[in-house]
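There are 2 protein chains.
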Amino acid sequence: MVTSNQRLEARIGYQFSRPELCERALTHRSFGPENNERLEFLGDAVLDLVITQMLYLRFEDADEGQLSLLRASLVKGPSLATVARQLQLGAFISLGSGERKTGGADRDSNLANVLEALIGAIYLDAGLDICRARIESWFAAKLTTLSPQAIEKDPKSRLQEYLQKTGRPLPEYRLLEKRGQAHARVFAITCSLPDTGRQTTAEDSSRKKAERAAALAMLEVLGEQL
Amino acid sequence: MVTSNQRLEARIGYQFSRPELCERALTHRSFGPENNERLEFLGDAVLDLVITQMLYLRFEDADEGQLSLLRASLVKGPSLATVARQLQLGAFISLGSGERKTGGADRDSNLANVLEALIGAIYLDAGLDICRARIESWFAAKLTTLSPQAIEKDPKSRLQEYLQKTGRPLPEYRLLEKRGQAHARVFAITCSLPDTGRQTTAEDSSRKKAERAAALAMLEVLGEQL
Chain W
0 MVTSNQRLEA
10 RIGYQFSRPE
20 LCERALTHRS
30 FGPENNERLE
40 FLGDAVLDLV
50 ITQMLYLRFE
60 DADEGQLSLL
70 RASLVKGPSL
80 ATVARQLQLG
90 AFISLGSGER
100 KTGGADRDSN
110 LANVLEALIG
120 AIYLDAGLDI
130 CRARIESWFA
140 AKLTTLSPQA
150 IEKDPKSRLQ
160 EYLQKTGRPL
170 PEYRLLEKRG
180 QAHARVFAIT
190 CSLPDTGRQT
200 TAEDSSRKKA
210 ERAAALAMLE
220 VLGEQL
Chain U
0 MVTSNQRLEA
10 RIGYQFSRPE
20 LCERALTHRS
30 FGPENNERLE
40 FLGDAVLDLV
50 ITQMLYLRFE
60 DADEGQLSLL
70 RASLVKGPSL
80 ATVARQLQLG
90 AFISLGSGER
100 KTGGADRDSN
110 LANVLEALIG
120 AIYLDAGLDI
130 CRARIESWFA
140 AKLTTLSPQA
150 IEKDPKSRLQ
160 EYLQKTGRPL
170 PEYRLLEKRG
180 QAHARVFAIT
190 CSLPDTGRQT
200 TAEDSSRKKA
210 ERAAALAMLE
220 VLGEQL
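Line by line, the protein sequences give chains W and U.
Residue 13 in numbering that gives the first Met the number 0 sits at position 14 of the first sequence, with consecutive numbering throughout.
Residue 100 in numbering that gives the first Met the number 0 sits at position 101 of the second sequence, with consecutive numbering throughout.
Quick caveat, the hints were computed from the structure, so don't treat them as lab data.
Incorrect hints may have been included.
No copy is singled out in the list; a pair is fine if it fits within one copy or between any two copies.
[Unchecked claim] Below, in silico cross-link-like pairs of lysine-lysine (DSSO-like), each with a Cα-Cα straight-line distance of 30 Å or less:
{"hint": "1", "residue 1": "K208", "residue 2": "K100"}
{"hint": "2", "residue 1": "K75", "residue 2": "K177"}
{"hint": "3", "residue 1": "K141", "residue 2": "K177"}
{"hint": "4", "residue 1": "K208", "residue 2": "K141"}
{"hint": "5", "residue 1": "K141", "residue 2": "K164"}
{"hint": "6", "residue 1": "K207", "residue 2": "K75"}
{"hint": "7", "residue 1": "K208", "residue 2": "K164"}
{"hint": "8", "residue 1": "K177", "residue 2": "K208"}
{"hint": "9", "residue 1": "K75", "residue 2": "K164"}
{"hint": "10", "residue 1": "K100", "residue 2": "K177"}
{"hint": "11", "residue 1": "K164", "residue 2": "K207"}
{"hint": "12", "residue 1": "K164", "residue 2": "K177"}
{"hint": "13", "residue 1": "K100", "residue 2": "K164"}
{"hint": "14", "residue 1": "K207", "residue 2": "K100"}
{"hint": "15", "residue 1": "K207", "residue 2": "K141"}
Work out the full structure: start from the sequences and follow the hints.
Here it is as structure tokens:
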């Protein structure tokens with residue numbers, strides 16, 4: 000007789016030495032306190048590293064802004080849910096009755112979380128290399144469609160390249176203000192050009208985002224003179 | 000004669016098979032186009048996984064919200080800069096002249112980036128296990144001071160536990176609205192209790208943050224009746 004676990008293992012192409020890890024990965028928080036949330040937290044970091052390394056090695060000319068956008072397109076919730084649906088994981092999730100009745104087995108967020116939790120479970124069971132091979136096979140279709148050329152370079156990189164091409168010093172980014180509470184922080188960043196003193200300012204929810212927005216504003220200012 | 004590279008390798012406790020990776024990791028973007036930005040992008044993901052796994056194994060009772068806060072405290076820029084200063088990395092960074100003159104060798108962001116780039120370089124040179132051993136030794140002092148008890152649980156977990164303890168169904172989080180452009184997105188989330196129909200709403204710059212804020216608002220509403 001083929002068990003449910005064996006059917007799942009055939010779909011994902013991996014047989015667990017510690018089946019309890021697999022069961023834990025398939026258990027939604029609505030099912031009880033022994034659920035997959037911690038494994039999902041771990042799996043998210045494993046997936047991030049595997050995808051990051053794959054992109055790093057494959058796109059030698061992409062800058063870190065492009066790599067970051069490519070990675071985001073692969074690891075965002077709906078992309079993970081698509082992969083989880085291709086593996087037909089929905090049928091294997093242990094859900095509380097309310098969650099099941101309201102369509103929890105086909106909810107994007109639940110599917111994405113189960114996929115990440117399974118990645119965490121395989122990583123703990125077998126290590127990075129075997130886990131990487133599984134992730135690469137699951138994401139193979141998505142990976143063939145990726146193109147860094149389709150993604151505009153990060154504004155900070157574009158500004159830097161423009162300035163270097165014309166022999167000018169690099170821009171300086173300074174934190175002007177950080178306000179709001181931990182859950183709703185706002186960063187105000189100034190981008191300034193040391194040789195002309197020209198400045199732009201932008202705000203956003205992270206320092207990095209605000210720097211990008213300030214660089215974009217500077218590119219627009221410079222654009223008038225290009 | 001002891002070279003600069005040998006001095007650095009003695010400090011970080013690792014000898015590179017491919018010294019060009021080490022040199023690249025030490026090169027700030029102000030020095031030229033062949034700089035450490037891509038290695039930093041990779042090293043950031045390596046560091047995240049190593050720290051995540053360490054916290055996952057060490058704090059068995061911490062929920063993913065607590066783990067996330069503990070991780071953030073370890074990998075934030077100023078923490079990385081502290082580690083980089085202990086390793087005295089500043090003296091080894093290759094900087095453009097403008098960057099050097101304005102104190103770039105002791106700037107938090109440059110030090111943090113060089114540390115992440117070195118982690119990426121060691122990972123490529125020797126793999127995850129050797130890289131993990133280096134990271135663990137560099138962060139040993141910081142790790143001894145960590146306490147998940149000092150960190151309040153995530154509001155979503157607290158709300159869930161409260162409801163489960165009283166035998167009530169889990170809250171539902173729904174996306175009410177997503178507005179703004181990609182660089183300044185705002186998510187409005189509704190948290191509702193299926194048995195009473197009670198609702199709270201919150202907005203923030205990510206779906207997860209808005210869910211937490213909505214859960215916190217619900218805890219406050221329920222607090223009146225506890």
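So, going through the hints one by one against the coordinates:
1. K208 to K100: between (40 Å within a copy, 27 Å between copies)
2. K75 to K177: both (28 Å within a copy, 15 Å between copies)
3. K141 to K177: Classified as between; 25 Å across copies, 38 Å inside a copy.
4. K208 to K141: both (26 Å within a copy, 28 Å between copies)
5. K141 to K164: Neither, since 35 Å and 42 Å both go past 30 Å.
6. K207 to K75: Answer is both: 19 Å inside a copy and 13 Å across each meet the 30 Å cutoff.
7. K208 to K164: within (24 Å within a copy, 40 Å between copies)
8. K177 to K208: Both ways: K177 and K208 sit 13 Å apart in one copy and 18 Å across, limit 30 Å.
9. K75 to K164: neither (35 Å within a copy, 33 Å between copies)
10. K100 to K177: Between copies, since 26 Å is at most 30 Å while 44 Å is not.
11. K164 to K207: within (24 Å within a copy, 41 Å between copies)
12. K164 to K177: neither (33 Å within a copy, 39 Å between copies)
13. K100 to K164: between (60 Å within a copy, 21 Å between copies)
14. K207 to K100: This pair counts as between: shortest inter-copy Cα distance 24 Å, intra-copy 41 Å.
15. K207 to K141: both (27 Å within a copy, 25 Å between copies)
The structure fails hints 5, 9 and 12 (numbered hints given earlier, in ascending order).
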